[in-house]
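Going down the list, the protein sequences come from chains A and B.
Heads up, the first sequence is in our numbering, so the first residue is 1 and it goes up one at a time.
Heads up, the second sequence is in our numbering, so the first residue is 1 and it goes up one at a time.
Derived from the structure by calculation, the hints contain no laboratory data.
Ideal Cβ positions, reconstructed from N, Cα and C, are used throughout, including at glycine.
Don't take each hint at face value.
Computed beta-carbon distance windows for the label pairs [what the hints assert, rightly or not]:
#1 A:Y66 with B:H278: 25 to 33 Å
#2 B:S581 with A:F77: 49 to 57 Å
#3 A:Y66 with B:D572: 31 to 39 Å
#4 B:S176 with A:Y66: 24 to 32 Å
#5 A:T24 with B:H278: 21 to 29 Å
Listing some non-contacts, in silico: residues in chain A with all C-beta distances to chain B over 12 Å [said to hold, decoys possible]:
#6 I28
#7 V33
#8 L63
#9 Q65
#10 E86
#11 L141
#12 V145
#13 A180
#14 P217
#15 K254
#16 N292
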Amino acid sequence: MRDLFSYLIKRAAWMVLTLWAVYTVSFILMRSVPGNPFGGERNVPPAIERQLMARYNLDAPPLQQYWDYLVGIVTRFDLGWCMGLEDYSVNQVLAEGFPVSATLAIFALVFAIILGVSAGVVSAVFRRSKADVALMFAAVLGIAVPNFVLASLAILLFVFMIQIFPAGGWGTLQQIALPAFCLGLPVAAYIARLTRTGMLEMLTKDHVRTAIAKGLPYRTVIMRHVLPGALLPVVSYLGPAVARVLTGSLVLEKIFAIPGMGSHFINAATQRDYTLAMGMVLTYTVLLFVMNTLVDLAYAIIDPRVKLQ
Amino acid sequence: MPPEVRRGFVIFAGLVVVAAVIWAARVEHTPPAEFAFQNGTDPSTIDPHRATGQPEGRIIFELFEGLLRMLPEGDPDPETGLQPMTPQPAMAETYDISGDGKTYTFHLRDGIFWTDGTPVTAHDFAWSWMRMLHPATACEYAYLINEVALAEPFNKSIVEVGDRVEVELWDRPGESPGGEASLQHFPRGTMKYGTLRNIVKPDEPKIAKDASEEKREEITQDWRERWIYEVDVVELESDGSFAADSTATLQRYSVSPDIAQSDDGIQQAHWVLVDFQHFGGAQAIDDKTFVVRLNNSVPYFLNLVAWYPSFPVQKNCVETYGSPMWTKTENIVTNGPFKLQFRRLRDRIRAEKNPDYWNAKNVSFKTVDFVSLESQNTALNMYETGQLHWIYQLPTSVMEDLEVRDDYHSAPKLSVYFYKLNNDVPPLDDIRVRQAISMAIDRKQIVQQVTKGGEQPAYSVVPPGIAGYKGAEGLKENVQRAQQLLAEAGFPQGRGFPKISLLYNTSERHRPVAEVLQQQLQNNLNIKVEIKNMEWGSFVETVQQEKYEMARYGWVGDYPDPNTFLDLWVSDNPQSNTNWSNPEYDGLLKSASGELDPAKRMELLRQAETILATELPIIPIYFYTSAEMAKTNIVGFAPSALDLHPLSVLRFRTDDSQPAKD
């Protein structure tokens, strides 16, 4: 247990350091690109621009801005007011967008794991059968096809030809189904391949051969002795999978008109919404860091060979 | 890890997953709105004095209401399909205009209320206009009502000795002398009124000759902040009027905290502005009468009054919650045909019918969704599956299929697509070169083969469709003449013509236009054009710093009058960025603004436009047209020149004799 805690503390320290670095780099990058949040088709009169600058503390020297904003984040978790979406603070934007993105990610991941693992198991058990070839072909396709192509095909198929799902929007389970499917499918394909490889490797292991020789039912051997070992690579892939789902949703949110965080990410950057962009970058950093830590932790608990350090 | 822990962990992880799925599956069901439409990008604000874009405008027009409202009048034009819209009585029941066109008296109707139950009065308008013009509100549209007496000096915070001024002391709620400024400029600190007797100015700072405009501006502003204002302050009676026999006391103010701190005799102030509240051109005579005084007559003034920046907001609401918190669903107080029900970022704004609206009996829709949608394909998908009833950004790839349908609407819009030329960069400073470039462009090819949305080729800048105005002819396409002109300018067959760069903001719509233009100039004039694209923020900055040669631009009219397209190009307009200036042009626009006879005025504007279309500081390409789809069972839907679609006059066909085809 002690190494668990020291591990967590170490990771937390790293996270703070990473966040600080991300904050610094983003801050410098954002202010070095041309343009400012108040540039528009109409030139803003200088006196008015000064007022706007003052409202967002942009009239202070850069170092002062850097410090003030950092202090706000650290002491009050206050990411400031959005410069583009004037009526909202960054925290409010995150509070509205995060549950939506999380819902989508959860469905996509659960779907990917269930589909991927089942397909992988079937493929490995019926190795070299038609089912195996078909599933692995589908998996290669799933990895290769970008998700916006997948989304277009899915819309054509399930919205217009077979009219079972709505074309977009958010609020009902039906509306979640298609985007979650498109988001989860590439991950599922990857998991299927990992599971299959893991299964095949485990099937050649001595303890598995012994179990089969002992006369245990094949099903029991697969479930008790092969699958747990075969799933270890899948667990370690979950970290990158989360990253993939989070970034993949940027595109899908646009196609399916989903009010998640992803669309803010892009808009904040193009509109020079300094505060919102910063909020987004930091949030994604925290999310990825936490998810990776959890996966590492799970991996260490499940696999007796792995030591936390 | 011991095996029990491992097993326990697997069970725990399983439970977490199940819990997550259950959490994710909780669905708050929102019934669909009666009427839903695509509203473009997410509105950045719904504060009428802060908003600028069209998506924001559509929402504000329904939530709020001004003295007048743009509403359809008469039948659509049989030729263009345009529905004429005029400013019609809204919060004001009637209005009088004085003979010289400089005084407008609005009489508010009875039975108009805010959504919190309080009546809408003329004082609300006076306060709202003051808020809109206040420099700290930073309303980008404030310039529209510059002709209102004292509006411009108030908005630009210009004071001169002898002016009646107001001084806002540094004591807003939560402020201490010399401390941090409160960012809420309403409610205001203690107000002092009086006459400005003197301004003590420190020595004007020397500005290096090579300083950028930005730097200059900054130094000047910093210097102005160090001014000390000496004001003869007059006390107010308890009813707000000036005391007749009170003696003025001389007070000294400065907006600089340092100066105020260093001298006990100087009080720190937020603003020293002209006294717009008492002497400005927007006054409430009583609860029902609102009088506007203009410096010069503005023929399109009624249109401005019906435009959303001049809509009222409620003082109490703004002052209680502050900005922008007052716009939150639970706080906002409005006075329009619909009221805010909820607002979901990147999703929708739901508004419901306002039962207390004075004309509620003629509002049909119970609920309306303003759906935030940028993707054209998604919008079309949602329209086709019935989730949306009206969409206005159609994918060009399927335009040909959509054009022939009954639910397709297209009509000219009051907006123009053009290229700005930097008239300071040779050889673009030569009028013959500019004319040659313009005459060598085949605009028909651009609108028919590239944009394909029914756009009209433009040879001048004012779009057709403005009542009483016939635009300038402009120079039509004429490649031979263009070659001749180029030769006269010293570039026979384009020899020796430097490569010019054409800049556009990254977009799938602008790239093909630029490419065709590049090809046409190469083929017709042997001029090499280099196409560059920049993402919007950088693009705008590059053009504003005038570091470009040719740049794409578009302009949407703010009000249906040629002036909105022409006054962009007067010499001192910061919007122009072309370095073009023509005293005759400036003079014509100036005399047009003082001309009372509409026909004469239009003629003056036409002359100005002719100069513009001959000298070509900008090269017009086409006039936009709207292309939208609206379900055929909507009654009252028709395109309008300003692209306004008041939802309060729309309704669904009830007899269903002509069901929607889709």
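Results of checking the hints against the structure:
1. Range check, A:Y66 to B:H278: Cβ separation about 44 Å, and the 25 to 33 Å hint is violated.
2. Distance hint for B:S581 and A:F77: a CB-CB separation of about 52 Å, consistent with the stated range 49 to 57 Å.
3. Taken as a hint, the range 31 to 39 Å holds for the pair A:Y66 and B:D572, whose Cβ atoms sit roughly 37 Å apart.
4. Evaluation of the 24 to 32 Å hint for B:S176 and A:Y66 yields a pass: the beta carbon distance comes to about 27 Å.
5. For A:T24 and B:H278, the Cβ-Cβ distance of about 51 Å falls outside the hinted range of 21 to 29 Å, so the restraint is violated.
6. Even its closest Cβ contact with chain B, about 17 Å, leaves A:I28 beyond 12 Å, as expected for a residue assigned away from the interface.
7. The non-interface label for A:V33 is inconsistent with chain B: the shortest C-beta to C-beta separation is roughly 7 Å, within 12 Å.
8. Against the 12 Å criterion, A:L63 stays outside the reach of chain B, whose nearest CB is about 18 Å from its own CB.
9. With a cut of 12 Å on Cβ distances, A:Q65 stays outside the contact zone with chain B, its closest approach being about 15 Å.
10. Residue-level check failed: A:E86 sits 4 Å from the nearest beta carbon of chain B, not beyond 12 Å.
11. For A:L141, the requirement that its beta carbon stay farther than 12 Å from each beta carbon of chain B is met, with the minimum near 23 Å.
12. Listed as a non-interface residue, A:V145 keeps its Cβ farther than 12 Å from every Cβ of chain B; the least gap is roughly 18 Å.
13. Its beta-carbon lying about 9 Å from the closest one in chain B, A:A180 breaks the requirement of being farther than 12 Å from that chain.
14. Its beta-carbon lying about 21 Å from the closest one in chain B, A:P217 satisfies the requirement of being farther than 12 Å from that chain.
15. At the 12 Å boundary, the C-beta of A:K254 falls inside the reach of chain B, the nearest C-beta of that chain being 5 Å off.
16. Non-interface status of A:N292 relative to chain B is upheld: no Cβ of that chain comes within 12 Å, the nearest being about 16 Å off.
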